[in-house]
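**Q** With these hints in hand, go ahead and build the complete structure from the sequences.
Protein chains: 4
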Amino acid sequence: VTNTQPPIVLLVTSSQPVDVIFTPDALRVLRARFTVIEISNDSPGGEFDKHLPDAFAIVGQPDLPTGRLRRATKLKAVLNVEGNFFSNVDYDTCFQRGVHVLGCGPAYAEAVAEYALGLAIDLARGISREDRAFRIGMERYLDAGSADALHLRASDIGLIGFGNVGRVLHRLLAPFAPTLRVYDPWLPASVIEDVGAIPTSPDELLQASTIVFMLATVTAESTELLDRRRVNLMRSGSRLVLISRAAVADYEAVLDRVAAGELLAAIDVWPEEPMPSAHRARTMEGLVLSAHRAGATSASYTKIGDMVLDDLTLIARGLPPARMQVAARELVGRYRNRPAT
Amino acid sequence: VTNTQPPIVLLVTSSQPVDVIFTPDALRVLRARFTVIEISNDSPGGEFDKHLPDAFAIVGQPDLPTGRLRRATKLKAVLNVEGNFFSNVDYDTCFQRGVHVLGCGPAYAEAVAEYALGLAIDLARGISREDRAFRIGMERYLDAGSADALHLRASDIGLIGFGNVGRVLHRLLAPFAPTLRVYDPWLPASVIEDVGAIPTSPDELLQASTIVFMLATVTAESTELLDRRRVNLMRSGSRLVLISRAAVADYEAVLDRVAAGELLAAIDVWPEEPMPSAHRARTMEGLVLSAHRAGATSASYTKIGDMVLDDLTLIARGLPPARMQVAARELVGRYRNRPAT
Amino acid sequence: VTNTQPPIVLLVTSSQPVDVIFTPDALRVLRARFTVIEISNDSPGGEFDKHLPDAFAIVGQPDLPTGRLRRATKLKAVLNVEGNFFSNVDYDTCFQRGVHVLGCGPAYAEAVAEYALGLAIDLARGISREDRAFRIGMERYLDAGSADALHLRASDIGLIGFGNVGRVLHRLLAPFAPTLRVYDPWLPASVIEDVGAIPTSPDELLQASTIVFMLATVTAESTELLDRRRVNLMRSGSRLVLISRAAVADYEAVLDRVAAGELLAAIDVWPEEPMPSAHRARTMEGLVLSAHRAGATSASYTKIGDMVLDDLTLIARGLPPARMQVAARELVGRYRNRPAT
Amino acid sequence: VTNTQPPIVLLVTSSQPVDVIFTPDALRVLRARFTVIEISNDSPGGEFDKHLPDAFAIVGQPDLPTGRLRRATKLKAVLNVEGNFFSNVDYDTCFQRGVHVLGCGPAYAEAVAEYALGLAIDLARGISREDRAFRIGMERYLDAGSADALHLRASDIGLIGFGNVGRVLHRLLAPFAPTLRVYDPWLPASVIEDVGAIPTSPDELLQASTIVFMLATVTAESTELLDRRRVNLMRSGSRLVLISRAAVADYEAVLDRVAAGELLAAIDVWPEEPMPSAHRARTMEGLVLSAHRAGATSASYTKIGDMVLDDLTLIARGLPPARMQVAARELVGRYRNRPAT
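Chains as they are written, first to last, in our numbering: chain L, 76 to 416; chain G, 76 to 416; chain Z, 76 to 416; chain H, 76 to 416.
Read the hints as simulated data drawn from the structure, not as lab findings.
Treat each hint with caution, since some may be false.
Pairs count within a copy or across copies, as identical chains cannot be separated in the list.
[As the list claims (entries may be wrong)] Listed next, the in silico EDC-like pairs over lysine to aspartate or glutamate satisfying Cα-Cα at most 20 Å (straight line):
| hint | residue 1 | residue 2 |
| --- | --- | --- |
| 1 | K149 | D167 |
| 2 | K151 | D167 |
| 3 | K149 | D129 |
| 4 | K149 | E122 |
| 5 | K149 | E405 |
| 6 | K149 | E337 |
| 7 | K125 | E347 |
| 8 | K151 | E360 |
| 9 | K151 | D138 |
| 10 | K149 | E113 |
| 11 | K125 | D278 |
**A** Below is the structure:
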């Protein structure tokens, strides 16, 4: 490697194909600024290990145990393009070494927040339910099918989790002027108050809100955060948007209340994917059913590539990254999100 | 009628039942401030004509030809609670006499705008379509069902009509930072530019927009504003939200393009209501079907009553109304909206 | 007058010179669309009376008693370009005849609101006071001169009057996330609540607010609305922006509290203009002194001309005006604003 | 130190007195949650060194060379409460050790942004200049003193630097709907575009903007970023708000153009503080003079204490800080801001 060669970027393409996350333009610029080496097989002793000592950055999430990191003496950044941090990386060594550990969560935030808002309006107004009725000649005109209709305007809305998605959703909800309650155990009250929301315990949030967005990531602490007791705290007639990960809620408890006509729910994430074909959820009128689609748009994927390109460029210029999420040393080991398959 | 009796308000309840548009609280205050006379039959010579000479205001839309208005010497306001101005009133005489002619359009604006946004996100992301697929075990996980997904963020959005609904929708769309094109023949360019939108001809709007909201009211000029030629101007892959009145569009032209897979459309208003049971629209996957539901919420209806109460109170205090829409002398005779039935 | 001649507009230029309110472009378009007749002397029997029977619209505020209006059989609109409605017009006849009576208040709103915000920040932070100190070598660095500094962020702000200026100011203040209290006797509580503000009595507003904007227009009722009793309700250390008309406040009461170091005030309107040269206000450190400058910008003046052009064009097309303020029949006779001289 | 003792926080109070940055409430909570040791003299071998091995966090900015950090084996965070990062800390060792290095810049952002906006409106409308004129009986009523008045509404505004202050200012400027150009060499274009602004080179920004805010921090690269050549690029009649640090501009070049009547400028930071008593700036009518006051409010100072308390609490709970600015490894050594004295 001579001085004049652009920095080497190892593109480990097992999970997200290169042409899904990079537009042709982004890929062209990436190749102009960096020496891009695509590696499809990162098994030990292979091509990945060969290039590791020269790598300036790794894009993807290959196994990076201590030994490998020790050999990657020029490494400045690991850019995770899958949305979750898994345990196959020795993060402590990265932090000690000053290797940036970056995640692509912000790339999905806009897509997920828009989708969550769409689901909430659907639940508030019965859009998909009445569309189904129309198709079998059972449509109900005017107010006949709107007995349970809600306006978002000036409503009581609760956000469980206030990370990337919560912040975008907060922005999208602002013109509805809701009373917004937020629970996020990683944030002090002041941060929530500063955006005009009310920091609230989960129990109080569930009791006070007409529309609840479940946005929490999975950790040991948040597993079944929405357990049966809490599901039962929700107000009769309220609406639930489940859009982060299935593990944060007791699904049977949610479905029981939907079956009883006490809740309406939109569910985008499921304990098993695909769901069993005979599962009772498939026939419930009180559900909006969605197949893990909230963030899965082409525009989200290519935004990942754009972020990777921007941040690699900054880091190569001796500047800190500005677009991807900087992994927090304290949190990176806590996430228990399973990959979407 | 003595001096001490509160002003007489004739409540002509044929179309909107009193308890639908007034909450119990609003009705109680109305009765405390005014002498409320409910009249269910306003046929000539009946109770309505008996009270007319003493009436301070009429709520509802009974026939008010010149002769009746001549007898209503104390009349200060006619408050239309049906959302449309029909031709059974001698509006010219009202204006000459200084009788306020007020409409309840603003009461529906929030409900319609929220619904329109919900329909647009549904079209952008396939929410109801994929819900239907899920129910028959055909759900597509992650990006499999999102090949045609769009983000509203930074998209090209067109509004045809910029009245009550358009203005609320503009507010709801603001955080998506769209490039917003607006066509409204009743407004100068400056008014549209002042809200950060681009005044645009219908043809250009249809060609440039990814998502089009049809919000125009029906007049002689706007009938089939969206005719076949203009429908065919819409970009392939674009989305259409039809939410004002059916007469403004050529439905068969719209359905032809949806059938061809070139457009996705959400339709809330129909040439006939109810629609024929065998109509082809009922089976099109590219449609979101809705039965004239956009404004038909309980919260919209009771907002009418609140507006009536507020404006009657202001007028009785010698002040101009502040909440209902003041009918424009130039426009009141132009509307051709048919009543929703 | 033949059919083909464009409608006649009488431009009565006594108060606002034509080239102040019209840009060259606007004037050119006006002349292209209308037959513009400039009249500098509108005394009885003169040129004005000669053209009156043919006039489509009058721009300016000549005397328009019943007799003149009777002769103006083609008149469709009177466009007041001075900001105040005076009693030299028979408004009742205008309304009966369906002649639009339009005011240019909205043209000034942006300029006044920006200026009011600038005055408020000056009062909050001592900008002009410390600038004066700097000029005499008495500047105080860092916090030395900021013992009384306030942030607007999350502060208690009161608006007395919620008309054109109040609405723009509300928009400018929104990102400061204040607790906003509003008093406006012409509006129902719902209208104020709908913009996220708190409808409040004058006394309560003055007691609760840290920054008070006096925006009320002068009527019989609002004269000395801010009388000595109410001035004395203001919190010690609070700030007052007086920017509508002098008659709404007891100036001596305000100055007494400023002199006592209890209030800071910015005053743009004065009981006499020019103020007596030896008036005590001129030397008070607790004042920001301003010579009726809030709305007096070139951009405001030419906005009047743009509004006149737009609304004349709409009216000539058979549409209602959309930019100027439509005078309310109930209010037009109440204003007691003296002209600014 | 037993297990049960709360974590030890060393409060090194040389620069910012404890009771200035902590409200009594915050200090009470701090003492309840932590073992707070106030240290006024941190000279080598003194009390500071004695407690260092037990310290969980250091609040203040004592010298922290490698040797001291080596002894601070329990150290988790250094919280700088002075707004600038100086070179008396071995930052590299902090990062390697995983010691959080936090700055209080965000505490000042609101105060500085509000002040900057106030200065800009003053420059746009001549508030302090006309206040001075009024005090010597030379006030000019109405438009007489407003020949050079500008509206912020829809104006061309440039921000040089888009850090904490720039982001708040962006929010405050949003309702003015400016065309906003931003130069920040540490950010990719996408970040600037994402907030609706236009990424622009310094030269182009200066040529295109009517109002320029100089918000850049001092680094080797930004010293005299606004040099004479660039000052001369500014449009005649434009306005300059200098509010970050003096070193980023060629003051004589700015003053020359102000003296020539070509620019109006508000200056809050000076090459020397205090400025020489006979300096020509003190008499220029085209300046708003301000003595390094932008951030120096009591509310800013106590916000530092609140942030310190919140972030110490989070870190003690094993969570990342959420309010103070996390120092970037790449940038912390670059700042050349001199302390305000």
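**Q** Compare the structure with each hint and give your call.
**A** Each hint, compared with the structure:
{"no.": "1", "hint": "K149 x D167", "in the structure": "both (17 Å within a copy, 17 Å between copies)"}
{"no.": "2", "hint": "K151 x D167", "in the structure": "both (14 Å within a copy, 15 Å between copies)"}
{"no.": "3", "hint": "K149 x D129", "in the structure": "within (6 Å within a copy, 35 Å between copies)"}
{"no.": "4", "hint": "K149 x E122", "in the structure": "within (17 Å within a copy, 41 Å between copies)"}
{"no.": "5", "hint": "K149 x E405", "in the structure": "between (24 Å within a copy, 16 Å between copies)"}
{"no.": "6", "hint": "K149 x E337", "in the structure": "neither (58 Å within a copy, 51 Å between copies)"}
{"no.": "7", "hint": "K125 x E347", "in the structure": "neither (38 Å within a copy, 57 Å between copies)"}
{"no.": "8", "hint": "K151 x E360", "in the structure": "neither (52 Å within a copy, 49 Å between copies)"}
{"no.": "9", "hint": "K151 x D138", "in the structure": "within (16 Å within a copy, 29 Å between copies)"}
{"no.": "10", "hint": "K149 x E113", "in the structure": "within (18 Å within a copy, 42 Å between copies)"}
{"no.": "11", "hint": "K125 x D278", "in the structure": "neither (53 Å within a copy, 46 Å between copies)"}
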